[in-house]
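Residues per chain are reported as follows:
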Amino acid sequence: MGYNLRMAFRLTPHERGFYPLFTRAAENIVRAADDLALLVAAAPEDRPPLATRVKDAENAGDEVTHEILVKLNQTFVTPFDREDIYRLTSSLDDVVDFMEEAADRIVLYRLEELPPGMRTQVDVLRRAAAATAEAMPRLATMAELREYWVHVNSLEDEGDVAYRALLADLLAPPEGAPALDVLTILKLKEVVEVLEEAADAFEHVANTVESIAVKES
Amino acid sequence: MGYNLRMAFRLTPHERGFYPLFTRAAENIVRAADDLALLVAAAPEDRPPLATRVKDAENAGDEVTHEILVKLNQTFVTPFDREDIYRLTSSLDDVVDFMEEAADRIVLYRLEELPPGMRTQVDVLRRAAAATAEAMPRLATMAELREYWVHVNSLEDEGDVAYRALLADLLAPPEGAPALDVLTILKLKEVVEVLEEAADAFEHVANTVESIAVKES
Amino acid sequence: MGYNLRMAFRLTPHERGFYPLFTRAAENIVRAADDLALLVAAAPEDRPPLATRVKDAENAGDEVTHEILVKLNQTFVTPFDREDIYRLTSSLDDVVDFMEEAADRIVLYRLEELPPGMRTQVDVLRRAAAATAEAMPRLATMAELREYWVHVNSLEDEGDVAYRALLADLLAPPEGAPALDVLTILKLKEVVEVLEEAADAFEHVANTVESIAVKES
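Sequences listed follow chains C, E and D, in order.
Residue numbers for the first sequence follow the working numbering, beginning at 857 and rising by one.
Residue numbers for the second sequence follow the working numbering, beginning at 857 and rising by one.
Residue numbers for the third sequence follow the working numbering, beginning at 857 and rising by one.
Please keep in mind that the hints were generated in silico from the structure rather than gathered at the bench.
On a predicted model such as this, the values are computed, not experimentally measured, just so you know.
Be careful, since some hints might not be right.
Identical chains share a label here; the pair holds if one copy fits it or two copies do between them.
Claimed, not checked - Using 30 Å as the maximum straight-line C-alpha spacing, the simulated BS3-like pairs for lysine-lysine come out as follows:
| # | residue 1 | residue 2 |
| --- | --- | --- |
| 1 | Lys1071 | Lys1045 |
| 2 | Lys1071 | Lys927 |
| 3 | Lys927 | Lys911 |
Next up, chain C with everything else stripped away, as it sits in the complex (with noise of 0.2 Å):
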């Protein structure tokens, strides 16, 4: 009566089946930012077996993704729309994949000293792994989705921030700074763009989870 259709087929055991895949997606996240973090403040000798543990994320992320297209294949009726759900796996797809390219790019340029900054960058990504990891079982009953998507919309505020202050410093250093040869800049600018695009693809998931939860509203 005062349910509807939607709500009842919620409780059945099938299809609740996506809200741990999804919480594991975003739990492998967590792992792969715990990781690149390591990597970011270790020497550069000690990198490489870090950017292999983040590519193990990045695979185990695309194991995930498969399952919850497995599943959905599988499922006559869903939590959601079909095609937000894979909005929701794509996004959190990206978003491993930019962490895995950006430990990649680290290790395959041979940079040596990373800017502080690029620092900052990882740890927003890691206090927004931390929070879509938080949000994802709330999926179940849509509770205080809203807390979670405004606060990843600030901490991607925070990584613009750190990102475009990165940036001028690599192109117009401030005076008294030690000068980089231009390659070293080129390359540290691949990293920090494609951090930043790690903080955008967080933000996108958010924004498919604010989708849902407007559409169930």
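With chain C fixed as given, assemble chains E and D onto it according to the hints.
For chains E and D alone, kept in the frame of chain C given last:
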């Protein structure tokens, strides 16, 4: 009889409230484009206050975005798909974000002389802004929207030509052109690219309007 | 009985008219990819006419895009969601746009020798083009589409490996490699990046087909 339910609802004051908000968002974009045009024509020392004005426009844009999303949450019957309202809102938001980023970069990188082609890029943005501001109120009646999106698409082509020529002049300067140092080339490239993103964002707005109109037709 | 309304309508000549248009768009992409492959293998002086041919393919693509959108406007019952037709059309359009941009940049930047990895990138594009052209007619029956998108996804992985290696060789050249001047590095980077965007665009086409198939299943 002749009209469908949605058209009937379109007359209710509550849901009609979306159109003035889209119009306000677009008028704000006009303001940002005007200030950006002043900025690229100004002497370096006159640019910072103009960049602040573009930033103000971005903040005003964020407020309109927020108002639209709050309204979306409170409105049961929307003038078109919730998702389309969402997409239109966020693509209008993107336009002003990219403009603000361009203004910020010009000041932050302490650029001196700007290539004339950059003024062409900004001129395209101004015309796209004007076309968008004129089109938004017509969403209420879906009148003459086709002219609008055809126009914005052709402006985007024009912007693309300017963008490609600028990049080519920076990376493969024509004989006899004054040689720029590599860091200046990189800085100008960052500005030119984000202006091109603003032009693309106008096209996304137009594409969203087109897809709304296609559904309604 | 056993079939739904949409399947029944799928037999009407009018709406079946979409499939040949998607196929034409994809065959046009094959043409563009073939000419691009000739271009990257050609001597610098032989490249401009080949870039013109890629540009012709882009124009032909724009015409097909336009025909599909006009048809979409005139068709009451579409073979799948209007929005999916729209998205498929625009992602097919993106592919040829990026290819044209790559060809244009190679000529415009007056590049001389191209790194061998760039041919690998273009070879991936050719194979993705062939796979896409074979898949488009199968949209009519939704047969064997899974093989197609799995294949394109694995091609995109292959392209990504080539892209990363190229970027690393440009920014952190292996010992003993001929030193390139920074402007040449920047020019090659612009080409390599837009070729990667073309590979990504093929993946978007495949993802759109996948999401259409998922809805229909």
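Hints and how they fare:
1. Lys1071 - Lys1045: Classified as neither: same-chain Cα gap 39 Å, cross-chain 41 Å, threshold 30 Å.
2. Lys1071 - Lys927: Both: 22 Å inside a copy, 13 Å across copies.
3. Lys927 - Lys911: within (25 Å within a copy, 42 Å between copies)
The structure is inconsistent with hint 1 alone, although it conforms to all the rest.
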